[in-house]
Structures are given as C-alpha cells and as structure tokens.
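Build the full structure now, drawing on both the sequences and the hints.
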Amino acid sequence: METNLWRLLLSVQPSRGLVDEKFSVRVQNAPPAHPLTMHALLHSEDGDTWEAFGHYVTDSGGDVNVSEDPSLGGTYDGVEPMGLLWSLRPAPGSRPGLRFRKRDAQTPMQVRLSVYQGHQSEGFMDRAVLASVMVERWYMAPGVRRVNITEGGVTGTLFLPPGPGPFPGLMDLWGGGGGLVEYRPALLASHGFASLALDYLKQADVKNEYFEDAYRVLQQHPQVCKNRIGLVGLSFGSSVALKMSVYSNVIQPRCIVCVSGSHIQHVGGTLADIFADIAKNQKKTRYNEENQVIWRDLLLPVPTDLSKKVDVGRLQCPLLLVVGEDDQNWPVPESADDMREMMEGAGNSHLLTVLSYPRAGHLIEPPYSPHCRAGTFMAAGSRKKFIALWGGEVAPHSRAQEDAWRKTLDFLRENLYCSAD
Amino acid sequence: MSWRSCFYFLRAAHKTLYTLQEQLGLLGRSGIRPSSTMAQTVTPILSVLPTRGLVDEKFKVALENLPPRFPVTLHSLHQSEDKDYWEAFGYYVSDDRGRVTVSQDASLGGTYTGAEPMGLLWSMRPVPGSRTGLRLRKMDVQSPMVVLISAYKGHVFEGFREQPPMASAVTERWYMAPGVQRIDIRERGVKGTIFIPQGPGPFPGVLDMWGGGGGLVEYRSALLASHGFVSLALDYLSPKVAVADDQSLVYFEKAFNIIQQHPQVIKDRVGICGLCLGASVTLNVAAYSESVSPRCCVCISGSHVLPAAKSLSYVINDGYKHMDKLLVDEQNRMVWRHAILPITTNPDEKLDMGRIKCPLLLVNGDDDQSKATVESAEDIAKMMRAAGNEHLLTTLNYHDAGHLIEPPYTPHFRASNFIIQHLQQKVLVLWGGKTKPHADAQEDSWQKILSFLREHLYPCPSSSIPQAKL
Numbered sequence: 000m001e002t003n004l005w006r007l008l009l010s011v012q013p014s015r016g017l018v019d020e021k022f023s024v025r026v027q028n029a030p031p032a033h034p035l036t037m038h039a040l041l042h043s044e045d046g047d048t049w050e051a052f053g054h055y056v057t058d059s060g061g062d063v064n065v066s067e068d069p070s071l072g073g074t075y076d077g078v079e080p081m082g083l084l085w086s087l088r089p090a091p092g093s094r095p096g097l098r099f100r101k102r103d104a105q106t107p108m109q110v111r112l113s114v115y116q117g118h119q120s121e122g123f124m125d126r127a128v129l130a131s132v133m134v135e136r137w138y139m140a141p142g143v144r145r146v147n148i149t150e151g152g153v154t155g156t157l158f159l160p161p162g163p164g165p166f167p168g169l170m171d172l173w174g175g176g177g178g179l180v181e182y183r184p185a186l187l188a189s190h191g192f193a194s195l196a197l198d199y200l201k202q203a204d205v206k207n208e209y210f211e212d213a214y215r216v217l218q219q220h221p222q223v224c225k226n227r228i229g230l231v232g233l234s235f236g237s238s239v240a241l242k243m244s245v246y247s248n249v250i251q252p253r254c255i256v257c258v259s260g261s262h263i264q265h266v267g268g269t270l271a272d273i274f275a276d277i278a279k280n281q282k283k284t285r286y287n288e289e290n291q292v293i294w295r296d297l298l299l300p301v302p303t304d305l306s307k308k309v310d311v312g313r314l315q316c317p318l319l320l321v322v323g324e325d326d327q328n329w330p331v332p333e334s335a336d337d338m339r340e341m342m343e344g345a346g347n348s349h350l351l352t353v354l355s356y357p358r359a360g361h362l363i364e365p366p367y368s369p370h371c372r373a374g375t376f377m378a379a380g381s382r383k384k385f386i387a388l389w390g391g392e393v394a395p396h397s398r399a400q401e402d403a404w405r406k407t408l409d410f411l412r413e414n415l416y417c418s419a420d
Numbered sequence: 000m001s002w003r004s005c006f007y008f009l010r011a012a013h014k015t016l017y018t019l020q021e022q023l024g025l026l027g028r029s030g031i032r033p034s035s036t037m038a039q040t041v042t043p044i045l046s047v048l049p050t051r052g053l054v055d056e057k058f059k060v061a062l063e064n065l066p067p068r069f070p071v072t073l074h075s076l077h078q079s080e081d082k083d084y085w086e087a088f089g090y091y092v093s094d095d096r097g098r099v100t101v102s103q104d105a106s107l108g109g110t111y112t113g114a115e116p117m118g119l120l121w122s123m124r125p126v127p128g129s130r131t132g133l134r135l136r137k138m139d140v141q142s143p144m145v146v147l148i149s150a151y152k153g154h155v156f157e158g159f160r161e162q163p164p165m166a167s168a169v170t171e172r173w174y175m176a177p178g179v180q181r182i183d184i185r186e187r188g189v190k191g192t193i194f195i196p197q198g199p200g201p202f203p204g205v206l207d208m209w210g211g212g213g214g215l216v217e218y219r220s221a222l223l224a225s226h227g228f229v230s231l232a233l234d235y236l237s238p239k240v241a242v243a244d245d246q247s248l249v250y251f252e253k254a255f256n257i258i259q260q261h262p263q264v265i266k267d268r269v270g271i272c273g274l275c276l277g278a279s280v281t282l283n284v285a286a287y288s289e290s291v292s293p294r295c296c297v298c299i300s301g302s303h304v305l306p307a308a309k310s311l312s313y314v315i316n317d318g319y320k321h322m323d324k325l326l327v328d329e330q331n332r333m334v335w336r337h338a339i340l341p342i343t344t345n346p347d348e349k350l351d352m353g354r355i356k357c358p359l360l361l362v363n364g365d366d367d368q369s370k371a372t373v374e375s376a377e378d379i380a381k382m383m384r385a386a387g388n389e390h391l392l393t394t395l396n397y398h399d400a401g402h403l404i405e406p407p408y409t410p411h412f413r414a415s416n417f418i419i420q421h422l423q424q425k426v427l428v429l430w431g432g433k434t435k436p437h438a439d440a441q442e443d444s445w446q447k448i449l450s451f452l453r454e455h456l457y458p459c460p461s462s463s464i465p466q467a468k469l
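From first to last, the protein sequence lines stand for chains F and Y.
Quick note: the first sequence uses numbering that gives the first Met the number 0, first residue 0, plus one each step.
Quick note: the second sequence uses numbering that gives the first Met the number 0, first residue 0, plus one each step.
Everything labelled a hint here was simulated from the structure, so no lab data went into it.
The structure presented is a predicted model; accordingly, all values stated were derived computationally and were not measured.
Where is the CB? At the ideal position from N, CA and C, for every residue including glycine.
Treat the hints loosely; a few may be bogus.
Computed Cβ-Cβ distance ranges for the label pairs, DEER-style [as the list claims (entries may be wrong)]: (1) Met-377(F) x Lys-447(Y): 54 to 62 Å; (2) Arg-96(Y) x Pro-300(F): 45 to 53 Å; (3) Ser-292(Y) x Pro-91(F): 44 to 52 Å.
What follows is the structure in structure tokens.
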C-alpha cells in the first residue's frame, strides 16, 4: 500500500487546552479498515522524552475518532479519549525513576500528536509520520495573574483569576519534596480560586507561625474573600493542613482537601519534630524486588495516643480525603479509616467525605498527567536520592485523577463559592 | 513558531488586557479594598470553554452560582490593534438552579437575541463614542485576539465601564494553530506570506487573494494552514509590487508556481481562493492562464464582469468610469453594486466562463451593496450551461448577507472606511448585510469552503487505489 496516494487529515480540538480540558482527536481521509497508530510525544523541561501510543483501525469511512473508537493495544486500550496523555511514559532508554512535573507554570506543555502507518510499538523516531499536529496544554488560563509573594518572611506564589474579584482563596501545600510547586495552584486559579503556593521546607526548623503568616497574607489580599479560604494539601502538605486547621487559632479554613495524606504525626512540636519522629522508624522501610523504597509502614500502626495523631474530632469544617488504595508511600487508606472512626466518635463525621480509588497510588495529580508508579525522590534538605515506590497502576490511577479532580473542584465550589455566610 | 515566542506574544497580549482592565477600573490594584458587603457577597462563576480556541471554533460560555431567576448581562470586550474598543452583550435570566448556559438559553436582548452560542463575538460593534467607519481585522496573526467576557448584574445597555462586573473571564481566539509556520515571501518579484501546517506534509496548497483594499491580509491564509493547507497570502496591489499595470497574468502565475514548487506541497493539488477583486483575479487565472491550472477555485463576493485582456489598474479605473451608476446614499456611503448592472451581454467585457476547467465554488450574499455578485453568478451559470461545463459550478447564495464574507464569528459591519488605492481617497463604503444572517452566512460558508477544498485538494484513498486487499 503506497502511502503517497492519499493524505490523511489529523485534527485536535482544542489545539490549545487547559491541562484538565478534554480534547477530541480525529483522523480523516484514510482508506477504510486501515490500521494506524496514534502517537504522542512530549519533551520535558529536563530534556527527557515521554511517549504514548494506541493502535486503531479506521472505520468504513476511513476515519478514526479517538473519543469513540477503541484502542486495540499500545500504552492504553479501549475507548479512551485522553489516553494519549495519561498513558505517557518515559521513552525506551530513558534515565530511571522519572516523574513528569512542569516547573514553569506559565508556559504550556507541548505535545506532538502523530499518525503512523500500521500498528507500531517501537522505533517511532525512525519511522515516517503520516501526519502530525502540535497541541498545547496549559496550566494557566488566559488572564490568570502570577504574583511573587515575599512579604512578612513568607515565600510563595499567588495566582489570581481574571476579573475584579474578590475571590475565595486557597493555600496549596505540596509534599515532602519541598520547593515551590506552582502548577496545581495555577490550575486552581484558572477555576476561580486565588491560590497561594507556599514554599515551606526551605529550612528544617520551619515554625508553625510561618503557616499562620502565610494564611494572613492570603486573607489580607484585597482580591481575596477573607472568610472564604480553603486548604489543599498533598502528602506531607495534607498533614500540615490537618494539624493547622485543628490546632491553630489563626488558620480557620472553610474547607480542607487532603490528597494522599495522613493525620498521624507528632502533634506538639514543629515540622522538624515530625520528621525526627518518622526517622526513628527507619527500620520499618521495606524494599520491593526492584529495590524501590516502600515507606508506608513508617507511620504504622495507627496510634491510639492522641499526642501522636491530629484530633480530627475537633475539626469544624468539611474535609475531603482523596485516597489511593495502592499507596505504597504513606498509609493513606488506614489513616482515612481511623479518621472516620475518630470523627464518628466525636459526632462530626457529617463533615467527612472520602474518595477511595482502588489501584491508585500516592501521587494523585491533576487529570491526564502521566502516572508515576516509582520515581526518584529526595526529601527536602537531604542529599540522598531514592527510588520511591508510589504505587498505582496506570489506567486505574488515571481514572482516579480525573474523577478526584472533578470532585475536588465541585467540593471547593460548593464550600467556597456557594455556601451561605 | 517556538513556544517561547508564543509565550512572549501572550505576555504582550496580557499586558494589553491588564491595561484594559485597569482602565475599566476592574482591578483592585490601588489597594483599596472592595466594600465589606462585596467582600462577603458570593460571586458567580463564569467559565469559557475552551479558554483558547481557533477563530472558527465554537466556545461554551456559562454562568453558575447566581441566585435563581436573576437577570444578568453577559458582555464581551475586545481592544483592536488600532486601539478601538468593540463590545457585544446579551440579556439573560438564570434558571431555577442559578445557571445561565449561553449555548442553550435565549438572549432576551442586547446586540443579539435568541440562543446564540457565539453571539458575543459576531455581534460585536464599536463602543459608543468610537470613531466611525471602523472595521475589525487582525493584522498580526501570530498573536491571539484577546476577548474579556464579563457578567453584570441586571440588564445593562450602556455604561459598562462605570460599574464593576460580577465576574470576568478571558479567552483567546487564534488564527494560527500551534506549530503552523509563517514565512515571508519575497521571491521573483512576488510579495506575500506563506503559512505551512505542522507535520511532515506534503500538503495541498492554496493561493489566497484579498480584495481591492490592497495590502497583505494574512488571517484567512493562517486559518487555512491551521486546517492543513499550505497557503500563500498574496499582496498584488501595493505600489511597490507594481503588478497593477501588468497586462498579463504573469505575477499570479509566478505566485502559483512558488506554492507548487514548495517542497511540502503536492504539485497537482493547488487551488485558488479569492475575495472581491481577488475573486475576479481567480477567475481570470483559471480561465486564461496557459501555464497554471488550479485544481479548484473558491470565489467569494466576486464577479466575472471585467475585460479579460486588460491590466488590473485598467479594470479598477474602468469601474469608476460608470460614476453615474455609483450612488451615494443618505448617510454618505458609496453604493457600488450598480456599476456592472445590467450584466453586459458583450463577450469582450466579461471573462469567458466557458473556459473554466476546474470545480468552482461561488459564495455570495444577496444583500451585497458593493458588487452585483448574485447577478454575476446567474450570468456565470448561463455561460457555463451554454458551454457545457456547468457541472463544475456550485453557487452558495446567502440571504441578507453582505459583501465581506469572512471566517466565522468575526463581527459584521454594514459599512466601513475604504481607501481607493490609486486615488488615495478615503470613502465610506456600504458593504450591506444584516448582522445575524451575515454571521450565519460566515459560519456556514466557511464549513462549506473547507469541505470543498478538502474534497478537491486532499487525495482520497478510495479514488486512487484499486479495491485490492490491503
């Protein structure tokens, strides 16, 4: 079959989308019942190559519609409109332990979608492409403003939605890897929330007052509704969120979202005390057959002593827990069960919603982000690198990301936009 | 175009937008806190999906979290490259759940009425107090049109600047898809811009010609490239190009060859698309060129009534000879449609349409006040019937559409300023058309133009391979 006798048309709509927007990918003008491979290629800021692909057969009209037709194999199968993004994985020959994260939230991810002849599974760089288009995926909607925050000793980045405001606010607390991770708050601002990404692990001895200062900075911003502020945390950030909400007189969020978090922590002291406590249990570290680190046992068993876990029975605002049941990094499912028990005992369990996802792992990110089952991890302040096992399987984890994000946005809107004063 | 340059353009666009927002008092930049009532008031949630679209893509505008049965005005605002402001607005009432869905709900008034998903774009017009005779056209196609969409309390018809909206969103409208390349062409005396789609190619090609206003108008070519056609926007009237006095078609043939010879173009799949005078040139080339054969032609708001063997400047001057037929209406607008009426029966004064050898699509508005395009199309059909090539002809006539049938969702203007190039005289020209039918015509004709070009220019497997097993 000579390919130069026909030219196919590849179209993607929208060609510039937010990272959580669905796109529609269509091929037209090919021969009927013809095998084709849809391929996605992404270069990370670090120069690594990620790819995904699906095998399709054109219909009687010579068309493929990725939103409706099944992939017969590849990095994803079945009818998966967004499979070309969420099943992206490092190309063969890549460095081990890679994790895809966008450092610059102001520029888009650029994904090249291509069509290849037949059903291919490798060697894409050496094969002729039938057609390709460039697709942009943005964390920031047009009009969202990015503001550096350095006041009162607080280091962070504030993302403001377009418009006059005032807007409900969110404090976004990332995990133990530290640094200033901006892409999630940029995306939250694109959905109408003034979102503050907080850098809180620069020093080992960060004081609890630091979080209160950051909360005040957010409250006092002229475009933020001071009584409509929520907390969103991931992993260690969730622990901080829970502790601050229960024990701080300054931090009184209207709602909290804890992704892959736990309430198990040394309650009395600072973050440094919490880390020291965890370090004491080093011997509970396990390794799988690929020598990847499993840290979930370090916090187990769930303590009964109230000085060792946040007393969530004292929470006064709605709490959404997002749980990956295959989390190998933290004992998130066990913590969620214990939190439920504590809240039922205290009579405030009506505030609790738990989203629990079978075969999802620890890193539950915005939708269509590539899944990372195990990746290089370096705790803030340490120089030692590990390959941490995060857990989760690609397809169920990706479904969890999509579902959890939608429900998280609904929860935030419900509690921060819609609820009466 | 690299992502980096894309970002810089976007930042520049945002700067314009923030200036815009500040001027409209929409930002609390002065540090003055909104009133305490406002700080407690719940704001509605306004969304536009997709946030960034191609100019011909539809968007969905929705409002949530309003009180039920609440009157709101949805408003759009855009600042053109000439610094004029354009706006549109529609009146809505939220449903029992406090929602407004623009693609489904009916606007009860404003610059558009009824259920119109794209009304906030196509019904835009210059804000009160603007200069007269304005026309909205994007000259820099590498940056997007930035549109601010806002929701106001109640049904507002003026003074949008004097009150802050309840909520705003920003959307970008692009003529160029990511990865489309833009290249200046200055070759063999030909001046233009070529747009190349992303991907390995090869692609079909289109020679794209605008009308008698002259200059280098790139946006339709950029959009065609975003749909898979290598497209050359041709400047053929600028004084430097000096083609107007050329009696032959050499300039256009050279331009056509430049496309054909491009390494990413399929040589025997190049068509021509023209508007107004560009459409006349298209017919001239298709009928009389001995060296180029377009595979298909699209003529928007054009006519075949021009003498074949004469230069462009002769043709243009000739048009002004019939001054007695050129009316000026009560608002001092030039009405040119009668210049060629009645359609001449003298074969020397019009192109011989019996010589057309390729499929031809004519797109016309029956309220065209600038050129008698519908009458021309009827005469073209008659000539082709007589010559036996009428099977090549498709005519689309749009009721109450005017002369300037552009890509969809761009605003309609019934009249605008026009500079008569060779006289260097500025006049106000009546193009015709009524806003809503004209907008519908733009949307429908664009889809049909793209289908027509795909059908004739994209090689199709079923027509070129035998029914053998693959």
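Hints versus structure:
1. Distance hint check: the CB atoms of Met-377(F) and Lys-447(Y) are about 58 Å apart, consistent with the given range 54 to 62 Å.
2. One distance hint, 45 to 53 Å for the beta-carbon pair Arg-96(Y) and Pro-300(F), holds here, with the actual separation near 46 Å.
3. The beta-carbon spacing between Ser-292(Y) and Pro-91(F), approximately 48 Å, falls within the hinted interval of 44 to 52 Å.
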